[in-house]
Amino acid sequence: MTTRVRPDPITFELIKNALAAIADEMAVTIVRTARSFVMKEAMDFSTAICNAEGEMVAQGLCLPLHMGSIPAAMEALLSRYRGQFAPGDIYALNDPYEGGSHLPDIFVIKPMFTENRLAGFSCCIGHQTDIGGRVAGGNACDSTEIYQEGLRIPPVKLYERGVPNDTLFRLLEKNVRVPATVLGDVMAEVAACRSGEREFLKLVERYGLDALQVSMHELLDYTEELTRAELRALPDGVFEFADYIDDDGITSDPITIQVAILKQGDSLTADFTGTSPQCKGAINAPLSWTKSCVYACIRSILDASIPNNAGYFRPLRVIAPAGSFANCVLPAPVAARGLAGMRIPEAIFGALAKMLPHKIFACEVAGDTGITIAGYHKDRSPFVFLEFLYGSWGGSPTHDGIDACASLAINYSNTPAELIEVEQPIMIEQYGYVPNSGGPGKFRGGLALVRDYRFLAEEAYVQVRCDRYKFLPYGLSGGKDGTPANNVLNPGAEQRQLPSKFLLNVRKGDVFRTILAGPGGWGDPLERDPQLVCEDVRNEKLTADYARREYGVVLNAQAWTVDLGATEACRDMLRRERDQQRLEKAPLPPVSAD
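Under our numbering, the letters of the sequence shown match residues 828 to 1421, in that order.
Simulated from the structure, these hints should not be mistaken for laboratory data.
The structure displayed is predicted, hence computed values, not measured ones.
Accuracy of the hints is not assured; some may be wrong.
Taking lysine-lysine pairs in the BS3-like style, the calculated list, with each CA pair at most 25 Å apart, reads [unchecked claim]:
| id | residue 1 | residue 2 |
| --- | --- | --- |
| 1 | K1205 | K1412 |
| 2 | K1181 | K1205 |
| 3 | K1412 | K1297 |
| 4 | K1181 | K1412 |
| 5 | K1001 | K867 |
| 6 | K1335 | K1181 |
Okay, the calculated beta carbon distance ranges per label pair [as the list claims (entries may be wrong)]:
| id | residue 1 | residue 2 | range |
| --- | --- | --- | --- |
| 7 | I837 | D1037 | 12 to 20 Å |
| 8 | H1185 | A1413 | 22 to 30 Å |
| 9 | E1411 | P1209 | 54 to 62 Å |
| 10 | R859 | V1249 | 36 to 44 Å |
| 11 | Q1385 | P1209 | 51 to 59 Å |
| 12 | A1320 | E972 | 35 to 43 Å |
| 13 | R1405 | E1248 | 44 to 52 Å |
No residue lacks a Cβ here, since even glycine has one placed at the ideal position from N, Cα and C.
Produce the complete structure using the sequences and hints provided.
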């Protein structure tokens, strides 16, 4: 039996930070070389370094929700090719039922060698603008099986000993609508993997492969120790919550996401027993995606200095019955599983709010809205525009929700309007906040966003995936729910109301408006500082009537001051009305048999 010789603390710290920096440099490579908005602007990709056993030792700065996706891809790759890797090989995959998460996300993985010894793997996952299938963008909710969603790629060689697999490249080129963009983004991932390999081999040269392998194993153990110490400090118990998705885009049936967080000692389990069965529409979650949601949410309540690697996963367990919405099975469609990646975290945070009521913020809006606009230019050349809009945060125990900020689990950016207009036949006619949309609370939710798209192409269609029409972003600790999302074609006198999930042919000059849901509030709105309410009215985040109705704050609008006497009287009246409503809703006491 061999014993690992632990590195000295200084060397260990240098290697730990160097691995993280390599993963981050890979991310910068993608931003600088990718072709699509979704990768170079929204940054819907992740990068990682894995050891020779396929365990992730560092993840880059981009997408927390990929934390569980990269291990699943490595497991699928190793199960098929273990012992067959050679210098110069590069692999690709996207099949959700063999290591992937949904078809638009293509993994690119490069084994790294030194002196013919496998040293580790550099890995990327990137969301492609198109992957073929019946609807451009690969994000349609109304597909009923995965075979409709696009090109499925099991783990295969993209390069063999440095030589490109021309068959695979040609197959990909012929199956997507915008091959220059898609192949350009795949090559950006290849460039990132090569960048990771180059910098990793510099570490091998500096420290030696054996010492580096020991340090990587120690890094995983170190991360596990830190994670378990953080978990021990959390309250033990079972904390349950349920959140809901309005529908799957095909039926009108709501989907229940039921989660129980079981915290005991230095370990934690997320149990999704009771979650709805997998649905007909394409919003189902593969197990690796559900694991990613759990990993990202729990990570956000722990010490930020804990490294992002596989050691963090060891104290965590995920239970999701096969065939459920949280662990779908073939041939369930998953193209729009991004919606599950928003709602599952919101259910988890709802449960965590019962564990840590003074730490968790109310329900955010996150990225419930995915928009694909596709069609043809006059010369019949196709275009595909893909965007995921991100809204604002819910109110927290100490602050108002942040306006226009990506979800904790996602870390995306919205695409600038100017870039859209330069590169696509689309004009952004409105992009801003919706007044009175944040859930009222002692600390209110951030404001909902609105965006208007005018279509300039001769022939186009728009496909939208959103939610929160029926089940609103929840408030916490007495805070009120947020406001519903909304989609409208040609807003105005002859506007057409649209559902939350749809595919629609549009004409040149049509305008599509999407309004994101407003996040929930935290705490009793009647306890909000009246001066903060006054500032919100002055900044046009609230109207004066809304301030009086929801917060009981009466303003002298001309002087921008609070009428303290009238405010106190108004709040007393609202409290009495609220108490009366609670009494009317309270169940009657049982009638005595006497």
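Hints, verified against the model:
Taking the CA atoms of K1205 and K1412, the gap is near 61 Å; set against the 25 Å cutoff, the hint is violated. In summary, the hint linking K1181 to K1205 is not supported, as the alpha carbons are separated by about 56 Å, beyond the 25 Å threshold. Among the hinted pairs, K1412 with K1297 is consistent with the structure: their alpha-carbon atoms are about 22 Å apart, no more than 25 Å. Simply put, K1181 and K1412 have alpha-carbon atoms about 24 Å apart, close enough for the 25 Å limit, and the pair holds.
For the suggested pair K1001 and K867, the alpha carbons sit about 23 Å apart, so the restraint of at most 25 Å is met. Between K1335 and K1181 the alpha-carbon distance is near 50 Å, which puts this suggested pair outside the 25 Å criterion. Distance hint for I837 and D1037: a CB-CB separation of about 18 Å, consistent with the stated range 12 to 20 Å. As the Cβ distance of H1185 to A1413 is approximately 27 Å, the hint placing it in 22 to 30 Å holds.
At roughly 59 Å, the beta-carbon separation of E1411 and P1209 lies within the given 54 to 62 Å, and the hint holds. As the Cβ distance of R859 to V1249 is approximately 18 Å, the hint placing it in 36 to 44 Å is violated. As the Cβ distance of Q1385 to P1209 is approximately 56 Å, the hint placing it in 51 to 59 Å holds. With their beta carbons about 41 Å apart, A1320 and E972 fall inside the hinted range of 35 to 43 Å.
Between R1405 and E1248 the CB atoms are about 47 Å apart, so this pair conforms to the stated range of 44 to 52 Å.
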